[in-house]
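A.B. asks: With these hints in hand, go ahead and build the complete structure from the sequences.
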Amino acid sequence: MAQPDPALAPTSGNKQKTPPLAAPKNSPLSRRVASPFISTATVLIVLLLWWLATSGTGLIPPLYFPSPGSVGQALIALNTQIAADAGATLLRVVVSWVGGSTLGVAVGLMMARTWWVMAALNPLIEAIRPIPPVALIPFVILWFGIGDDGKIFLGALACFMVMVVNTTVAVTNVPPVYVQAARSLGSNTGFVYRRVILPAIIPEILSGFRIGCALAFAVVVAAEFLGADLGIGRLIMQASRTLNTSTVLLGTASIAVMAVLLDLLISRLSRYITRWSANR
Amino acid sequence: MAHISINDVTKTFHTARKETHALNRASLEIPDGEILCIVGPSGCGKTTLLNLVAGFHEPSSGFILVEGEPVEGPSSQRAVVFQADAVFPWLSVKDNVGFGLAAQGRNREKEDRVNHYLDLVGLSDFAKTYPKELSGGMRKRVDLARAYASGPEVLLLDEPFGALDLFTKEAMWLALKRVTALEPKTIIFVTHDIEEALFLGDRVVVMTPRPARIHSVINVPFGAERNLDLRTDPQFQKMRADIAHTLREVHHGAA
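Order-wise, the sequence lines are chains A and B. The opening position of the first sequence corresponds to residue 5 in my numbering, with each subsequent residue numbered one higher. The opening position of the second sequence corresponds to residue 2 in my numbering, with each subsequent residue numbered one higher.
FYI, nobody ran anything at the bench for these hints, they're computed from the structure. Any given hint could be a false lead.
[Unchecked claim] Residues from chain A that keep clear of chain B, each with C-beta distances beyond 10 Å, as calculated:
hint, residue
1, Ser74
2, Met241
3, Ala260
[Stated by the list, open to error] Here's a subset of chain A near chain B, in silico, CB distances under 8 Å, partners left out:
hint, residue
4, Pro179
5, Gly190
6, Ser281
7, Ala282
[Unchecked claim] Far from chain B, by Cβ distances over 12 Å, these chain A residues were calculated:
hint, residue
8, Ser39
9, Leu63
10, Ser71
11, Asn83
All values derive from a computational prediction rather than experimental measurement. By construction, the Cβ of each residue, glycine as well, lies at the ideal position given by its N, Cα and C atoms.
C.D. replies: Quick look at the structure:
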């Protein structure tokens with residue numbers, strides 16, 4: 005693979021840009037109509053090429069890359085098991101992602117607001133931030149066992165780090181004139197943070213939230229590889245031991261489907277929340 | 002309304018490399034309800050003086066009294082309108098205008114006051130609009146309404162119309178005149194536009210850089226009722242030329 009595994013990359017990811025929406029709201033009508041057709045066509049063409057290269061022509065042996073038919077068979081064979089595994093992974097991702105991100109924003113705001121909190125926490129965060137969360141898996145299994153807790157902890161840690169950095173940077177980017185205006189209109193410090201700083205950094209928080217979602221998937225699935233009773237990572241690992249590549253591919257595809265649906269939900273939500281923003 | 006008293010105020014900024022004397026020994030008495038305009042080139046200390054009255058900075062020496070009370074930090078008693086766009090983009094026009102009242106916990110009177118000031122600046126039809134859909138001049142009117150609605154005694158304007166084109170600027174002058182005629186406030190208006198200062202001010206303070214200080218204070222004799230044609234009045238033209246001359250002289254002398 006050309007791209008580095010996100011699970012092995014440092015958790016910072018701060019300058020990673022979220023992918024643009026396929027059709028921004030302000031693009032011409034013709035583009036907005038055509039855009040979903042083109043996107044759907046791409047997906048269909050890739051599926052067709054997949055079928056052609058595997059079942060259609062037999063160009064790629066089934067062991068190296070299974071055909072759509074065999075993935076379908078794997079799905080039927082696994083039946084409710086895949087739903088249970090996917091559900092377990094999704095639950096861990098959502099809990100760790102929402103929890104870690106919320107905590108990250110809260111701590112980031114505290115650091116930005118109070119100088120000694122910044123001085124106290126900054127060295128810790130800067131030291132832990134470059135550590136790939138997956139490097140901590142041995143410890144996490146030791147501390148939490150192979151249940152939900154350890155995976156949620158790791159995913160939350162990854163999201164926390166992204167959000168802390170994102171929030172502190174975003175706060176320093178708020179135009180000082182907003183704060184001065186708020187003060188001269190009679191706001192106390194708490195009101196300035198709740199009603200000026202927080203709304204002003206919402207766009208940055210949402211983009212960090214989106215990066216965190218992908219990161220939580222990567223970290224949780226990686227943790228499941230190394231020990232889990234349930235989850236897509238466990239499913240893939242177990243299938244790979246018997247060279248059952250159809251199930252491996254099925255597991256991978258189910259991660260993609262969940263991640264894409266979640267990302268779609270976030271981008272819809274953020275578009276609504278930041279409808280006031282001039283570049284929406 | 003409030004009386005402002007600026008007494009021998011000096012402001013020096015210290016950075017690692019050097020000290021900057023941003024304002025030297027300024028003294029001014031501004032009576033209740035006066036519109037005082039401050040003109041001068043950049044670096045003359047006019048914005049520093051305004052920020053000191055606003056409470057964003059503390060004087061290095063000297064003191065400032067508003068209604069006999071020393072200025073200690075920003076307060077809703079002194080609203081500021083900046084040159085930069087300070088309208089909150091995440092709030093509707095209505096919520097922007099009501100921001101000061103919400104901050105002060107005056108929610109009961111909010112609705113009425115917001116509607117009153119929106120009407121006064123002619124933006125009633127845009128109450129629920131987000132600022133991104135407004136023009137620069139409309140946003141400035143939101144800013145002005147927001148400052149007025151928060152119920153200050155003093156209004157501090159820091160080149161508020163500096164970024165607007167001439168026609169919008171003229172419309173804003175008239176809007177400001179209309180609002181101040183209905184509800185007089187003590188106003189300090191900082192600008193680098195001499196015409197703007199003479200058109201709006203009861204008095205004009207001329208400031209010069211190097212050292213940044215008050216050069217002279219000029220009484221503007223045109224009364225309260227002014228229209229845009231006043232600018233062609235010979236006396237207006239003469240005063241304008243005199244101020245421009247003074248500023249050019251000090252500029253050359255310093256450079």
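A.B. asks: Would you say Ala260 (chain A) is clear of chain B, with no C-beta pair closer than or equal to 10 Å?
C.D. replies: holds, 34 Å
A.B. asks: Against chain B, does Leu63 (chain A) keep a CB gap of more than 12 Å to every residue?
C.D. replies: Check passes; 53 Å lies beyond 12 Å.
A.B. asks: May I ask you to test the interface hint for Gly190 (chain A) with respect to chain B, counting a Cβ-Cβ separation under 8 Å as satisfied?
C.D. replies: Nearest chain B Cβ about 3 Å off; hint holds.
A.B. asks: Minimum Cβ separation between Asn83 (chain A) and chain B greater than 12 Å?
C.D. replies: holds, 48 Å
A.B. asks: If we take the beta carbon of Ser39 (chain A), is the closest beta carbon in chain B still more than 12 Å away?
C.D. replies: Holds, because the least Cβ-Cβ distance between Ser39 (chain A) and chain B comes to about 24 Å, which exceeds 12 Å.
A.B. asks: Taking 8 Å as the limit, does the beta-carbon of Ser281 (chain A) come near enough to a beta-carbon in chain B?
C.D. replies: Where the cut-off is 8 Å and the nearest Cβ of chain B is about 7 Å from Ser281 (chain A), the hint holds.
A.B. asks: Does Ser74 (chain A) clear chain B by more than 10 Å, comparing its Cβ with all Cβ atoms of that chain?
C.D. replies: holds, 51 Å
A.B. asks: Should the label of Met241 (chain A) as a non-interface residue stand, given a Cβ cut-off of 10 Å to chain B?
C.D. replies: holds, 46 Å
A.B. asks: Using 8 Å as the Cβ threshold, decide whether Pro179 (chain A) counts as touching chain B.
C.D. replies: holds, 7 Å
A.B. asks: So, Ala282 (chain A) near chain B? Judge it on the closest CB pair being under 8 Å.
C.D. replies: Since the shortest Cβ distance to chain B is 4 Å, the answer is holds.
A.B. asks: So is Ser71 (chain A) really clear of chain B, every C-beta pair being over 12 Å apart?
C.D. replies: With a cut-off of 12 Å, Ser71 (chain A) remains clear of chain B, as the shortest Cβ separation is near 51 Å.
In this structure, every one of the numbered hints holds.
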